[in-house]
Each structure stands twice: as C-alpha cells, then as structure tokens.
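S.K.: Spelled out, the chains give:
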Amino acid sequence: MKVMLMLAAAAVLTAAAGTGPAPAPADAGLVQQFDHVTHEALFSSCEMCHSVGAGGVTYPDASFCATCHNGQMQPRVSYTAPTYAPSSNLKFRHDEHPPVACASCHLSEGASAMSVERPVVDNCLACHGVQAGHKEAPDSPCQQCHVQMPAPEGHTADWVQEHGDIAASEPGTCGSCHLRADCLECHRPGAASAGPGYHQADYLSAHPAQAYAREASCSSCHNVGQFCQDCHLNAGLASQGVTPSRAYHDANPSFSTGHGQAARQSLESCVACHNEGDCVRCHFNANPHGPDFDADRIAKRNPTSCVVCHVGGIPTTGGG
Amino acid sequence: MRRCFVLGAVVVGGLLTMTAPLQAQGYRVQLDTWYMNYAYRGYSLDSIQSGDVVVDPATGGLYTPDGYVVTCGAGAEYCDYFRTREQQRGHPFHSTLDAALWGLGVPGLSFRLKGRVTTDFASDRTWPATRPTAQLLEGYAEYKNRWLTAVGGRFHEVSRLGWTGMDGAKVGVHLFDRKLELLGFGGWGLARGTPLPVTSEWINPLDQYQPLDRGYIWGGGLGWQLGTFQGRWIYQREPDGSDQHYLFSERTALDASWRPVREIGVHGGAEYNIAVGEWGTADVTIDYNSANRFMRTSIGWRRYRPYFPLWTIWEAFSPVGYDAGWAALHLYPARGLSLWGKGEVFGYENTNTSTPNVEVADGGWRWTVGAGYDALRLWRFAGNYYVNKSVGASSLGWDLRATFEPSRVFFATASGGYLNRPLEYRYNDAKTWNLGLRLDWRPMPDIGMMIEGRYYNEDRDRPDAAAIREWTQFRLNAGLTLSFGSGADTPSLSPAILRIPERRSTQ
Chain X
1419 MKVMLMLAAA AVLTAAAGTG PAPAPADAGL VQQFDHVTHE ALFSSCEMCH
1469 SVGAGGVTYP DASFCATCHN GQMQPRVSYT APTYAPSSNL KFRHDEHPPV
1519 ACASCHLSEG ASAMSVERPV VDNCLACHGV QAGHKEAPDS PCQQCHVQMP
1569 APEGHTADWV QEHGDIAASE PGTCGSCHLR ADCLECHRPG AASAGPGYHQ
1619 ADYLSAHPAQ AYAREASCSS CHNVGQFCQD CHLNAGLASQ GVTPSRAYHD
1669 ANPSFSTGHG QAARQSLESC VACHNEGDCV RCHFNANPHG PDFDADRIAK
1719 RNPTSCVVCH VGGIPTTGGG
Chain Z
702 MRRCFVLGAV VVGGLLTMTA PLQAQGYRVQ LDTWYMNYAY RGYSLDSIQS
752 GDVVVDPATG GLYTPDGYVV TCGAGAEYCD YFRTREQQRG HPFHSTLDAA
802 LWGLGVPGLS FRLKGRVTTD FASDRTWPAT RPTAQLLEGY AEYKNRWLTA
852 VGGRFHEVSR LGWTGMDGAK VGVHLFDRKL ELLGFGGWGL ARGTPLPVTS
902 EWINPLDQYQ PLDRGYIWGG GLGWQLGTFQ GRWIYQREPD GSDQHYLFSE
952 RTALDASWRP VREIGVHGGA EYNIAVGEWG TADVTIDYNS ANRFMRTSIG
1002 WRRYRPYFPL WTIWEAFSPV GYDAGWAALH LYPARGLSLW GKGEVFGYEN
1052 TNTSTPNVEV ADGGWRWTVG AGYDALRLWR FAGNYYVNKS VGASSLGWDL
1102 RATFEPSRVF FATASGGYLN RPLEYRYNDA KTWNLGLRLD WRPMPDIGMM
1152 IEGRYYNEDR DRPDAAAIRE WTQFRLNAGL TLSFGSGADT PSLSPAILRI
1202 PERRSTQ
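Heads up: the protein sequence lines correspond to chains X and Z, in order.
Here this note's numbering is used: the first residue of the first sequence is 1419, the next is one more, and so on.
Here this note's numbering is used: the first residue of the second sequence is 702, the next is one more, and so on.
By construction, these hints were calculated from the structure, which means they are not laboratory data.
Each residue gets a CB set at the ideal place from its N, CA and C atoms; glycine is no exception.
Incorrect hints may have been included.
Stated by the list, open to error - Here are the computed distance ranges between Cβ atoms for each label pair: (1) F1175/Z with D1513/X: 58 to 64 Å; (2) G887/Z with T1734/X: 29 to 35 Å; (3) D1714/X with G885/Z: 28 to 34 Å; (4) D1513/X with L876/Z: 35 to 41 Å; (5) P1733/X with G1048/Z: 29 to 35 Å.
As the list claims (entries may be wrong) - Coverage of chain Z stretches by chain X, computed from C-beta distances (three or more under 8 Å per stretch; other residues unrestricted): (6) 749 to 759; (7) 818 to 831; (8) 900 to 906; (9) 946 to 958; (10) 976 to 988; (11) 1016 to 1029.
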C-alpha cells in the first residue's frame, strides 16, 4: 500500500514537473520552424505570407526570410517551406473548406493575432454546432471531422476477448477512436443484448469451465446473487438450504469432509450455489480461517460478519 | 427501489421538460430489444426413506431403487434427491433504452438515460436478473468542458476496481491539456454488477445475510500522461450505511502503460484490498507488434484473487489467488489470413489445507489456437481449438464460423462448435455440440435486426437415472435495434469497432 502511494505521489510530482510548454509535434510544420509570435510586429495579416490555392496552403520560400535574415540585419536562418500538409487524422483540406479567416481555426479565443496553433478543436466544435466536449460528444460521430480510421492491425477477430488488459491500463489510446458508450455496449451491469456481445454463441455450455478458472472476472459485470445464484436455483443446482452440500458433488461422497482446498481455490464458484448459512452450519464450530487471516484487521473494519459465528465475542487475535 | 424510480422519473422528466423550449438541441435514442426462447432442465426436489436406499456394490454410492443418486444426512430418516421432469422453456425479453440529450443552451451539458424493461414470459420466470421488471442502469446529467467534467445522477465509475455503480456525483478536473486528471466521486453505492442496492431482495435469491442499510461510496483518483507513459491511480471506500465507522470495502489500484517505441508496449497494474490487507488481482503484459505488421506477440503474468465485500462472510474463509504466466502470438502471413495461439500455465497459492478425502490439483494450463481468413469479397472464416486442463474447469473444444456478406446491409453467419466438459466432484461429464445460423439485416442505418437459431445437443455421462439428455434443445434469439434522433444517421458504435470482423457480425 505504501509502495503504491509512493509510486502515485512520485508520478504526480513527475507529471507536474514535466508540464511546461508542450513540445512541438514532429510534423508541426510552420509552427515548429517559424516563430509567429516573435514576428508579430512585422506581419499584419496572414495573407502577407500565406494563401489558399488548389494545392492547399502556400508558404513563403526561404528567400522571403532572407530579406531580413541576410546575416547583416538579422542572423541567417535555415528554413525550408513545407511542401506537403502536416499529417493528421482530420478530414480537412484548406482548398475544399468554405473560406474562413485563418484565425477562425488557428487562434484560441482571446489569443494575440500571431499566436498561431494547429487547428483549435474548440473552434471546430463551435462552428460545426457540436455542443458536447471533444471525444465525449454523443451528438457527433467522429468521422464528421476525422478520417474514418481503419481498425488497428491488432484488432483481429479475437480482439474482443483480448482487449481487457490494454484497455484497463491504456485508456487514452482506446479513446483515440472509441467513446465510453462503446465500452458500455458490452460492459454493462447484467448485460443483455441481441447479440452474443462479449460471450460466444455457446457460452452457456462453456461458462462453468471458464467461470471456475476465472479466466475472466464474472462478477465485474454480473451480480453473483442476481445472476449466478438465481439461475442455478432455477436449474436445480443451488443448495436452496434444503439439501446438504453433497447433492451436487455426487461423484465424491466424501466431498463435504474434504472440500477445503477446492473452496479456498475457487470460493466464487462455491458462492454461486451456496449461501452463507450452508457454510456457517458446520463452520460455526470448525475454524475456516487460514494462517494468514488478519482477524483483528477485519474486525476493526467491520465486525458484522465475525459475529455470525463469534456470537459470544470476537477473539482479539486471528490466525488459524 | 423507490429511490431508483424517483431518480429515473427526475431524469425522464428533465429530458421531456427540456425538449420543447430549447433551440438547437440534439438527441439520440437507441432502443435495443431482444427476445430468446430457450430450454432448461426440469427438476423437482424429492425424498426417499433411508431404509429404501440402494447401495451400489461397486462404488458404495447411494441410489433410489429407480437409479437416482441420493444424499442422506447422518442419521436422517429421509434422503434427498432431484428427480428429473419434463424440459421447461423460458422466454426472456429485454428492451434497453439508451437516450442522450444535449444542446440545451449550455455547451457541454448533456443528459443520459439508460434503462431496461426485462421479464421472462414463462410463468416461473427462470431467466436470471429479470427482476425487477424496470431497471434504471444509468441516468445522469453531465457537464464537460476543456478543464472540467461534472456528473450527477446514477452512473458507473469505471476503473481497475471494476464497474462501480452509484447514485451520486463525480467531478473530474483536466489539467495541462488533459495530461493530468484529478477525479473525485461520492454517493450511495450500488451492489456489484447490478443497478440495485445491496439491500434489494432481488439480488438475494438464496436468502443470505444482507446489510440492513445501503452503503455509501466515495473515492478519488488521478491520471497522468508523460509522453508515451500513462498512469492511473484510484482509491475507493464504501462505508457501511448502518454505521459509517465500519466498511463494506476499501480498495485502491494502480494502472500503468508505457510504449517506449511504437512496436513495444508494457502494460500492467495491481489492486490492493486495504480493508483485508491483501493484494488483489494484478497483471503485467509486454507486447510487440512487428513494424512490417507480420506478427504481434505478447507475454505476461497475471494474478487473480477474488474480492468479497466485508458485509459477506467470505473473506473469513481465506480465499487464495493464483499466479499465471502466459504468452500469445498472432501471425499475418498473407493478406487476409490470421493465425493465432495463446497458452497459459497457472498455479494456486498454498491453501494451507489438508483434504485427504478429495484430490485437488494445485494448478493447470490452457491453450488455444485459431485462424481467420477475410480476404474474399463475400466470405469470412474463423475457427478456434482450445484445451483447458485445470482443477474444476477442464474442457476441450473447437468452434468454426463462416460469414457470408453479399452487401453492407445484410450478412449471414453459420457457426458450430463442440465442447467436452468433464467436471470434477460430480457425475456430469458432458459433451455438447451446437450448430446455428444467424441473419443480420440493417435495411437503414438506424434500423438493425437479427435472428438466430441454434441447436444444441448434449450427452451427459451420468451413471444414474438423471442421465437424460435434458439439455438438448433448439434456441431462438431475435433482436431489433432502433436508433433515432439528430445525428443518428450513424450506428452508435464508432467505425473502428464496426470494422472489426467480430463486432461487425454482431451489429
């Protein structure tokens, strides 16, 4: 726990320390090569250097810079006019977009005339009537502004089953294409949909093996009582508090006297059919705690479950 | 439940009230309706006088004279058993409404409602989670701008700790161009994996010990991004509703991801159960994607340990976790051809138990291989073969799938599979095969429908009279999805998802 907190704190401090001016993207083109703000006094309009033609935006060539940066008035500079548009995932061409002032897209609200940026997302949203936030908008499909990205190579047919680890630890990457609502299509409480969604078509037959081994965490989406126990009860598999535990474990008549290891290994499976009373019935007198059980810690945080067995008082030391 | 309905009424009322007067508003509604016809085993609980029980001389097992396994308590006058009956059929029906409303004069403000009506038309309502009939999954107002996200109502906070539902509020602050995010939330909690509070009768079919009062929940977290490194930390605490000095749970988790070069990524995280003092589920994965897109491979370690809230007694039984090492390989040797395989070996932690009467393994392994081909104009194919050898969960099977897609609005998928599923501790080795056909039709961008028929044949290897093929059956699935509203000319899922073959077949 302390390690985790220290890691988190260190990461925050590191993040805070590294949050100065963002480095220019590698393909930033004019923004990277030419400091617009420094030249603010020289140029009164964008059109002094740029125009929009059939091929897109034009840039001045190096000779234009050299009129000042000639080594006498100003130091010489190395400048190469971009010959192609910076790469982006925007569905946009300057020569196809209705003519608007450059500042409409390239200046943030309230910025000075030459504080040029890559297209300001909020400006796009405002003009195009998108009311919600970028990447969060329920009102606008991404492809309204962005090119329709093909699924990454890794998104093969079995990606649905495999994406969990990466999605949990790298949500920002998923967010490049997906909205939260996309996740909720499958990951919703007691998921019900017309399609197989997360599970394959014959999952009902396959689920005992997968659930027992916990290849996936069933209870992340399904409430054990509402889903597992309810169905097992209707299928005659749950204990119902009527039949002692051996009815299901019929291949091993001694199961009830030797179930400890199986129970500790896969307690979630036991819980899918047995209620607490089934276990307390015997464990009222048979200690169920493992050697590492920290009874004091749990009793301090919630003694409710302790008094189910320890009706005469909760022991102050734990252990088996 | 009353709070649930009040909350739902407020959200619906808000949506309706705000519909009329406001200009430039937008909305999107998706209605997803699903019906199934399925079979389940019929049974009845019966008993027999202990003196009439027959002992199998070979196994020593106890049976009724007509061959049913019975359970006899020590000294009991009667022994219990389940007698099979006629197969029963269920008819579950679900209709889920997902609505969003925005453009209310305040940029960034939107309302979201997700609710479901669910039932089983069969008289005994056997499909799980069909009660209560009306369920409010989510209903909240949300405000977002460049720096702030504020949510109020019923919603789920999604983190490594799972999908945590609550009736409350959360605030997220985004700083430094969203490279640093701070999060705080709080409210009344919902039971895990359900839109119901822990006090609900519908999540307690076996009559367990339940809390008297609903619990609270609050927590916070932060996320940060440094170049190609992303991290998230979350803390979550659920005080007992009856006595806030006590807890239902207290947990924290850390997630991290780093991609030092485009081809290589490292992802991982861990949970820690503060209330119990135990590490929970954890994992780390290293993946490699070749630059020529010929290969994708990953290797990882993961640990699984179940989590139980403290209002249950289950933590007192000292559940243990298991550690697993795994590796996966995907190859793309030719256009449209994919080959994949994955293997995992795992072992349980020491349970510190001595159970001579029951043989239990300490670990197991599982692997799967598969292939897919989608370079043909009208056809796509995929298949898997898998083997799982582990305690309580052994299985072996395969599945095949062929999709015919003559147009973008119609496709048909034929699929089948086989599963051999021996289970330890009981007479129930089962072999199941299935064969099905699914048709999907999207006549308009905002209307989709599907129908699927599937035949299951099961052979149960039981030595007693219960060995009937009670689960052999035909299943019917039918679904209808309607989307309408402003901007509803595209399916709800993003194009990236729709282009995934697996997802495309389900839309």
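S.K.: The structure should be examined with respect to each hint, and the outcome stated for every one.
M.R.: Now the hints, each set against the structure:
{"no.": "1", "hint": "F1175/Z with D1513/X: 58 to 64 Å", "result": "holds, 60 Å"}
{"no.": "2", "hint": "G887/Z with T1734/X: 29 to 35 Å", "result": "holds, 33 Å"}
{"no.": "3", "hint": "D1714/X with G885/Z: 28 to 34 Å", "result": "holds, 31 Å"}
{"no.": "4", "hint": "D1513/X with L876/Z: 35 to 41 Å", "result": "holds, 37 Å"}
{"no.": "5", "hint": "P1733/X with G1048/Z: 29 to 35 Å", "result": "holds, 32 Å"}
{"no.": "6", "hint": "749 to 759", "result": "violated (count 0)"}
{"no.": "7", "hint": "818 to 831", "result": "holds (count 6)"}
{"no.": "8", "hint": "900 to 906", "result": "holds (count 4)"}
{"no.": "9", "hint": "946 to 958", "result": "holds (count 9)"}
{"no.": "10", "hint": "976 to 988", "result": "holds (count 7)"}
{"no.": "11", "hint": "1016 to 1029", "result": "holds (count 8)"}
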